[in-house]
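Chains X and H, in that order, give the protein sequences. In terms of my numbering, the first sequence has 901 at position 38, counting the first letter as 1, and numbering is strictly consecutive. In terms of my numbering, the second sequence has 81 at position 68, counting the first letter as 1, and numbering is strictly consecutive.
Only true hints are included.
In silico SDA-like cross-links for lysine to any residue, where the CA-CA straight-line distance does not exceed 25 Å: (1) Lys1037(X) to Glu33(H); (2) Lys1037(X) to Thr24(H); (3) Lys1037(X) to Arg242(H).
Stretch-level coverage of chain X by chain H, calculated; a stretch enters the list once three of its residues show a Cβ under 8 Å from a Cβ in chain H: (4) 1124–1135; (5) 1139–1145.
According to the in silico footprint, chain X covers these stretches of chain H (three or more CB under 8 Å from chain X): (6) 193–199; (7) 207–217.
Rather than coming from a laboratory, the hints here were simulated on the basis of the structure. As the structure is a computational prediction, the values presented were derived from the model and not from experiment. For glycine and all other residues, C-beta sits at the position ideal for the given N, C-alpha and C.
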Amino acid sequence: METRALGDTGQESTVLTFGSIALNWLEQEGANQLVELVLDHGVNHFDVAPTYGDAELKLGPKLRQYRDDIFLSCKTQKREYEGAARKIDRSLDRLGIDTIDLYQIHGLEYEDELDTITADGGALDAIHEAKAAGKIDHIGLTSHGNPELILDAIDRIDDLETVMFPLNPVVAGKNDGEYDYEAVLERCESEGIGTLGIKAFAKGSWPPTDELAEADRPYANWYEPVDTPETVRERFDFAAAQGLDTVVSPGDPKLVAMVLDAASRSEGMDEARQRAVIEEARHDDSPVPEQLHH
Amino acid sequence: MSVDDVPETVTAALADQQVEGRVCLEAGAGVGNTTAGLLAAGAERVYAVTNDADHAVTVRERVGDGNADRLVVIEADLRATPLATDGVDLVTAHGLCNVLPPVELDPIAAELTRVAKPDSRLVVDDYGVPPSGAAVNRLFTLENAAARVVDGRPALTFYPPAVLAAVFAEHGWTVERKKTLLDPVPWTGAHLDAHAEVVRGYADRLPDVVGEPLTAMAEDLVAAIGSERTGTMYNLAFRLAD
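Put together the whole structure using the sequences plus the hints.
Next up, the structure:
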């Protein structure tokens, strides 16, 4: 599988990162097998979080067995020193390892969170302390939030080395600032910050729960995913073609094999096809009437 | 709606053009996609010319806000516009030529050339001939049949890029670059609906005994096709001789 430099971290990550939340839905034996399958495809970057149920615990055995082959990223949603420090130690304990390769401030949504994180006694202090102690190696950020806020975080966190954010044809087709993650991508590229793409396989939101109960959803993703080999391949190729360093696999284990296949066989996507994919998504919910043309 | 919502096709077509500070003419403004792109790219002024009153209203509503000093929407026949000679730096024709019958191509090329300054640029974006097996051809054929019955002219003609290059070459334009904008072209349900709406428009001008089956056929075709990815959309960038 193709590898790309993860910003200036020195890490060469495979263009597919395994979203280890998928392990949460499996028994330990199944989790072990899925990790073996992922590694067989050459994937060398795994992402996990303490909020993904038992994913850390289920990843642990194979992570320890193949520790040198896996670049591990983990996260915290804690915004203050105490909580973040505890979460780092807890994740290390649950994973059974000494060092987390990339530790990310998870799910940044509001400006005031950024204030807390970067203030004295904020999560960033705990992360810096852990880094000095050798518990973590690199510092990152994840957000589904406003691109402006992410750009602000890049300005305010001097030693930020990676950013994880959504990128797919629906997002790419929206030009308004609320969805301008391409600006984030450009900024990261210019500053040597690594980029991890999420929601690459999102087809849309799930129907409201009164129409489709959460328990009846066919996939364990936050969103309704694309789920045919053709659409999965197209979405992977599109995301990889945007210039992301790596694309995170979807959260449902049933989709992982399909995504591994797509990433292994990817031959890129030319610009005319990228535009075709964006235009198709754009017209699906365009407010402009009477579109004879593209 | 604002100038933010510019299709990728337009952005790609204009990417290597000098738009900022230029006087532009969007020939066949449609729903204002290219007009929005030209304004977003910093055009000094955009003349959005259309012969369709509804389109003129749509363009004004869509991109008129905040652009009163830069946008001039003109309802006119492209063969005879009220624009001054040698006044425009950049002419765009995005998805225009496919709705022009062959007989109108030359007079429109002549008029666009008249209003363009020497050494100006022209951007022509259009569809290649769809592959013979494409399902959308059935809808396009019906659309043309309806148009011929009502107007005695086709609604759609797909010109290969070499044909349009030759038409404009006759008026002094040289192709500087060719680019593929879409491959494949995503004919979505919304596009097919829009084409069925064209058929409906013609059918309304016919006796019910002819019009109703035409409309029904268009609706059946839209339902049967659903959506289709086929063919290409190309972009030609021209320069006018000094």
